[in-house]
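Respectively, the protein sequence lines represent chains G and L. Those letters in the first sequence? Residues 2 to 113, per this note's numbering, in order. Those letters in the second sequence? Residues 391 to 501, per this note's numbering, in order.
Just so you know, the hints here were simulated from the structure itself, not pulled from any lab data. Some hints could be false.
Derived DSS-like pairs (lysine-lysine); straight-line CA-CA distance at most 30 Å [what the hints assert, rightly or not]: (1) L:470 with G:100; (2) G:100 with G:112; (3) L:469 with G:100; (4) G:70 with G:108; (5) G:71 with L:489.
Partial chain G-side listing against chain L, Cβ under 10 Å, derived [unchecked claim]: (6) 32; (7) 43; (8) 76; (9) 106; (10) 110.
We put the beta carbon where it would ideally sit given N, CA and C, even for glycine.
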Amino acid sequence: SQQGEEDPQALSIQEGENATMNCSYKTSINNLQWYRQNSGRGLVHLILIRSNEREKHSGRLRVTLDTSKKSSSLLITASRAADTASYFCATTSGSNFNKFYFGSGTKLNVKP
Amino acid sequence: SQTIHQWPATLVQPVGSPLSLECTVEGTSNPNLYWYRQAAGRGLQLLFYSVGIGQISSEVPQNLSASRPQDRQFILSSKKLLLSDSGFYLCASRDNNEKLFFGSGTQLSVL
Numbered sequence: 002s003q004q005g006e007e008d009p010q011a012l013s014i015q016e017g018e019n020a021t022m023n024c025s026y027k028t029s030i031n032n033l034q035w036y037r038q039n040s041g042r043g044l045v046h047l048i049l050i051r052s053n054e055r056e057k058h059s060g061r062l063r064v065t066l067d068t069s070k071k072s073s074s075l076l077i078t079a080s081r082a083a084d085t086a087s088y089f090c091a092t093t094s095g096s097n098f099n100k101f102y103f104g105s106g107t108k109l110n111v112k113p
Numbered sequence: 391s392q393t394i395h396q397w398p399a400t401l402v403q404p405v406g407s408p409l410s411l412e413c414t415v416e417g418t419s420n421p422n423l424y425w426y427r428q429a430a431g432r433g434l435q436l437l438f439y440s441v442g443i444g445q446i447s448s449e450v451p452q453n454l455s456a457s458r459p460q461d462r463q464f465i466l467s468s469k470k471l472l473l474s475d476s477g478f479y480l481c482a483s484r485d486n487n488e489k490l491f492f493g494s495g496t497q498l499s500v501l
């Protein structure tokens with residue numbers, strides 16, 4: 002399966018701390034994306050990193066990609082209570098740009 | 391950017407009844423469209439995707455079918471629902487930058 006797997010499944014931190022989530026995948030990818038989902042809602046795109054990139058930043062988000070280890074990490078700095086949500090990684094494979102496969106997600110709880 | 395309209399937000403259906411969920415897209419043309427299902431507290435399972443009118447690719451053999459009668463309309467159907475069809479159904483559209491935009495989802499409970 003192409004699907005990514007996030008780690009940890011759940012993470013609870015205090016406001017102001019950093020949150021790190023990891024994603025591992027199985028086959029070659031075109032790109033890897035991170036999405037956020039508030040409870041009972043649709044997913045929202047956060048950031049995309051291509052297979053030839055190693056690091057990318059967007060505001061308080063930092064994403065790294067290690068294609069040799071088939072893994073990615075999402076770092077949220079100075080977390081806020083509003084960051085409480087589930088975070089998913091998604092990949093598209095080298096053979097089919099049309100298919101997006103999602104991991105099982107990390108549920109982040111930021112305590113005020 | 392794109393806007394994905396999905397309805398209804400919640401649906402309770404008896405086993406054996408038919409299903410029709412509709413998704414429409416605004417703000418783009420000729421999008422790739424997707425149906426995903428999410429079990430409670432789990433990740434997303436790709437059910438169907440479509441690259442154009444009448445073109446449907448099925449990812450998982452199941453009790454569901456999809457159709458794309460118009461460029462920006464994607465329909466998920468079933469003739470007879472099973473208990474295992476319960477879940478959160480999400481429609482999505484891909485933009486030219488390979489990002490997915492999602493609708494707000496339909497929570498389907500089959501009883």
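Status of each hint after checking the structure:
Restraint check for residue 470 of chain L and residue 100 of chain G: satisfied, since their Cα atoms lie roughly 27 Å apart, inside the 30 Å limit. Distance check on the hinted pair: residue 100 of chain G and residue 112 of chain G sit about 35 Å apart at the alpha-carbon level, beyond 30 Å; violated. Proximity of residue 469 of chain L to residue 100 of chain G is assessed by CA-CA distance (about 26 Å); at most 30 Å being required, the pair is judged to hold. For the hint pairing residue 70 of chain G with residue 108 of chain G, the CA-to-CA distance comes to about 23 Å; that is within 30 Å, so the pair holds.
This hinted pair checks out: residue 71 of chain G and residue 489 of chain L have alpha carbons roughly 20 Å apart, not beyond 30 Å. With a least beta-carbon distance of about 6 Å to chain L, the hint placing residue 32 of chain G at the interface is held under the 10 Å criterion. Interface hint at residue 43 of chain G: satisfied, since its Cβ lies 3 Å from the closest Cβ of chain L, which is below the 10 Å cut-off. At about 20 Å, the closest approach between the beta carbon of residue 76 of chain G and any beta carbon in chain L exceeds 10 Å, and the interface hint on this residue is violated.
The restraint placing residue 106 of chain G at the interface with chain L holds, with a minimum CB-CB distance near 5 Å, inside the 10 Å limit. With its C-beta approaching chain L no nearer than about 13 Å, residue 110 of chain G sits outside the 10 Å limit, and its interface hint is violated.
The structure fails hints 2, 8 and 10 (numbered hints given earlier, in ascending order).
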